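**Q** Between the sequences and the hints, there should be enough to build the whole structure, so can you do that?
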Amino acid sequence: MTEFDAEKFDEKYVHYFEELETAYSNAYQELHGQYDSEVLRGIDRQILSESEPVYEGDGTFSIRLPDDTAARAQSLPGDEATFDTVLSAFTDAIERELCRLFEFE
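The sequence shown: position 94 = 94 (full-length UniProt numbering), numbered continuously.
I should point out that these hints are in silico values taken from the structure, not numbers from a laboratory.
None of the values given here were measured: they were computed from a predicted structure.
Note that CB positions come from ideal geometry on N, CA and C, so glycine has one too.
It is possible that part of the hints are untrue.
Said to hold, decoys possible - Here are the simulated distance ranges between beta carbons:
id: 1; residue 1: T60; residue 2: E30; range: 14 to 20 Å
id: 2; residue 1: G57; residue 2: T82; range: 28 to 34 Å
id: 3; residue 1: Q74; residue 2: E7; range: 34 to 40 Å
id: 4; residue 1: E3; residue 2: D36; range: 34 to 40 Å
id: 5; residue 1: L65; residue 2: A6; range: 20 to 26 Å
id: 6; residue 1: D10; residue 2: S37; range: 30 to 36 Å
**A** Okay, here's the thing in structure tokens:
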């Protein structure tokens with residue numbers, strides 16, 4: 001893997017595009033089979049495709065969701081509780097994957 005540089009993360013899509021794709025893909029695969037595939041796929045395509053990974057410092061990451069996440073969620077299958085559960089699990093998995101890929105664990 002590429003050595004992590006916090007300053008380069010400001011231009012993450014230039015320096016770390018492959019790692020970001022891998023983190024999102026690994027997180028999806030981790031959750032596949034644990035949650036309804038339509039909900040998982042919908043969140044991946046409707047919400048997380050427009051999300052922004054953020055380096056918080058001290059080896060931690062967060063996922064900034066689109067401002068209109070609630071509106072986007074209305075078009076997805078399932079109820080609000082299911083959406084919230086799957087979205088939370090998905091963003092947590094992405095954050096863990098980013099830590100693992102950049103060797104903060």
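**Q** Could you run down the list of hints and mark each one as holding or not?
**A** Checked hints:
1. Separated by about 19 Å at the C-beta atoms, T60 and E30 satisfy the suggested range of 14 to 20 Å.
2. For G57 and T82, the Cβ-Cβ distance of about 33 Å falls inside the hinted range of 28 to 34 Å, so the restraint holds.
3. Between Q74 and E7 the C-beta distance comes to about 39 Å, which sits within the given range of 34 to 40 Å.
4. With their beta carbons about 38 Å apart, E3 and D36 fall inside the hinted range of 34 to 40 Å.
5. Restraint check, L65 to A6: a C-beta distance of roughly 22 Å satisfies the suggested window 20 to 26 Å.
6. For the pair D10 and S37, the beta carbons lie near 35 Å from each other, so the given range of 30 to 36 Å is met.
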